[in-house]
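K.L.:
Please take these sequences and the hints and turn them into a complete structure.
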Amino acid sequence: MIEPVELKDFFIVFFSGAMIIMSGALYALLFAWSRLQSKPWMMATAYGSYGILFISVLTLGSAAHLNGFWWWLVIAMLVGYLLAPHGIWKLCVGTHTADENAYPPVSAEETDNSETSLKSNSQKEAI
Amino acid sequence: MSLAHLNGGQQLAVKYYIVAVVLFVAQILFGLLSGIQYLEPDFLQGLLNFNITRTVHINAMIVWMLYGFIGSVYWLLEEESETEIVGLKLGNLGFWVLTSAVTVVVLVFLFIQTGPGDDFTRWFINEGREYIEAPRWADIGIVICMLIFFYNVAATFSKGKWSGIAGVLTLDLVALAGIYLAGMFYTTNISVDQYWWWWVIHLWVEATWEVLVGCLMAWGLMKTLGVSRKIVTTWLYIEVALMFGSGILGIGHHYFWIGTPEYWFSIGGLFSALEPVPLVAMVVHAVYDSGVRHSKGNNNPALAWLIAHAFGNFFGAGVWGFMHTLPQINLFTHGTQWSASHGHLAFFGAYATIIIAMFYIAAQYVRGQSSFGPATLGSGWKWKWALGLLNLGVVGMTVALLISGYEQSFIERAVGGSTWMGYFAAQIHPWFIQGMEWRMVFGLVTTAGIVLLVWDLLTIGKSRVVEQSRVTQTVS
Amino acid sequence: MSSNIPWWSSETFWKKTAIWVTGFMFLVLIALTVDTLPQISVGSERVPAYSVINKHISYEFNDERNFQVPVIGGDDPLFGKMLSEEEAEALVTHGKKITQGRNCMGCHTLLGNGSYFAPDLTKAWLDPAWSSEGEREQMMIDFLMHPQDNARSFGSGRTMPDLNISEEEARAVIAFLKWMSSIDTNGFPYSFTVIDKEG
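Residue numbers (the numbering used here), protein chains in the order written: chain A, 284 to 410; chain B, 37 to 512; chain C, 804 to 1002.
Since the hints were derived computationally from the structure, they do not count as laboratory data. Be careful, since some hints might not be right.
To be verified - Computed Cβ-Cβ distance ranges for the label pairs, DEER-style:
{"id": "1", "chain 1": "A", "residue 1": "Pro323", "chain 2": "B", "residue 2": "Val435", "range": "36 to 42 Å"}
{"id": "2", "chain 1": "C", "residue 1": "Glu863", "chain 2": "A", "residue 2": "Leu361", "range": "36 to 42 Å"}
{"id": "3", "chain 1": "C", "residue 1": "Lys819", "chain 2": "B", "residue 2": "Tyr187", "range": "26 to 32 Å"}
{"id": "4", "chain 1": "B", "residue 1": "Asp154", "chain 2": "C", "residue 2": "Ser956", "range": "27 to 33 Å"}
{"id": "5", "chain 1": "A", "residue 1": "Glu286", "chain 2": "B", "residue 2": "Phe347", "range": "30 to 36 Å"}
Just so you know, these numbers come straight off a predicted model, no measurement behind them. Beta carbons are placed, not taken as given, at the ideal position from N, Cα and C, and that holds for glycine.
P.N.:
As structure tokens, this is what we get:
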């Protein structure tokens, strides 16, 4: 059974839905970046993004009446988005061990141009 | 244009690309006509009614993207299999049969338009089902051409060398052709009709097309950035697992309101929430790769379009999709301009962008350039402006349609109770009309973009070839 | 070096995983399809038999399911003529084929799918735009046959083009629309006002 969203909550649902995906991606981005450059302070911003995601999921959950079975969806999103970047990062490290030139990741002095290279490599996103 | 230096598959690919661009232009022209009809309902009424302009608009899109995909696969076929294409003549025949069929279908759509409610109409004029309006004879023709294509791909890999990419690609083509059959029958029961109709639409666009793009990307990364085959293949498998794992049952979000049982609410809601997972994986992996590899591409326009693909796919499919996918809110957005807004950005971001990137990769080889950078392209203002205008145009249309759809979900659905009066109350609301006006403005921006894109593809890298040939002449 | 790759990130592991995940999800979809199709076959609870056009159809709020559901009432034959199951099927089938042949989906949505240039037709039979139940059938025939003279555009200036629909064809289309309005669409469209039930 579903309980349709009330008129006054339409905007909240649309906005929190968009924020879930965007803060989820930002969290993943900052998480990976922090690991890559060994910058612990950046990990704090990553978890800050996850905090936004957390709030967004709960907001969506209450505005869209995600009760009963639907509560599991809220839990799944909270846990899934938290753990997915960890798992994917492990996979990145794991799959790249075969490629001798590619491991270990860059050292600190190389990181100054990492922003440009991130751009040039975002095409990998479909792989 | 001399193509003698290309391999057989690539020569065939160029043909497919040319028709793809022509149909892309047609898509935008008929999109403009449809957009005008929202503002001026009498425009072309009785001559080309909205149902005709819109049908051509969306069918041209589906078909140009298919041409782009087929072309791209033919483009990489000989290199990936390390052998000559098995049935080049047959492939050429398939190309001409398919192109003739598409031409006839479009001419019939434009000049005969509709027919009586009998089987003849569905077989020879118009099937009247969104996206797969092509009459049945054309369906059969499409399947035959897809079988020729499939034979060429599978047989060439069998003769040459199988690889992970080849395996995924071949199986994906089996699914692509097989799923099309699900749309090729008539039933009066509209619930069953739409049940199978979504198999074609959803399982193509949100599953098999995605995996096809994954294969193209895997190959492109190996070729242009020198990523190792083992890594690329492993990640292709990971993406297949994530995309099919979430996308196949993601079909549930189309089964909320067509008569199907209520359990589809749960399945559709759950798997829709999972569908962004592959996107998150891509983000993490892209960052990781940026750290381990600093190589630069040698084709700037292609690279720029691939970046547009990454962002477009993320926002169009991810953000725009999730905003209105849960049944609690989809009840109010289903069948409004929300769908149009999502559709414009998602199709462009996920598919148009990457096919345009493939066009540029092909253009570089066709023009015999070692790279497409400032050295060969100069300022490259044409491709840069084409990129900017097309992206701005589509994003602008998406936002404009979103505002109209947002208003519609309030006025028509929540307040107006979805009656005809509620529908029209929403259509004459200032927010809706202004949304449509801005859509028109950005439609024109998109049109300027496609003009530049076509001009650029026709000329890019050419002048340098002329210079080079002059140099060689002088030397000799 | 390749021996250093942990098993969970090896190519073969993910190849197998991709195949198993795809196969499993596809099998689940097949199983759900096998379960769903009988529930939406004609004559089922969710998709009534074509002879439902002999009955009165309404769309009422159901507390248990929390949205409106179609309610099939007593005899109310379409155009005053009771049809056998076969006759009803033939009429509705003709109507559906006309909607496909005239490419209605190019402007309208049916069950919410199609284009957004004209109103949704899912519950068009029940729409208050047809004045009253008594006038409805004739108004629908007139509208379909001469949409320009009987335009119902509510100030939008948008009219339906004349698609050369004959009276016999109009009757078939209306039969199809009446049958479609009896399909249980899980409450879509929501908070719909039914003809003769206003206020």
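K.L.:
Evaluate each hint against the coordinates.
P.N.:
Hints, one by one, checked against the model:
no.: 1; hint: A:Pro323 x B:Val435: 36 to 42 Å; verdict: 38 Å, holds
no.: 2; hint: C:Glu863 x A:Leu361: 36 to 42 Å; verdict: 38 Å, holds
no.: 3; hint: C:Lys819 x B:Tyr187: 26 to 32 Å; verdict: 28 Å, holds
no.: 4; hint: B:Asp154 x C:Ser956: 27 to 33 Å; verdict: 30 Å, holds
no.: 5; hint: A:Glu286 x B:Phe347: 30 to 36 Å; verdict: 35 Å, holds
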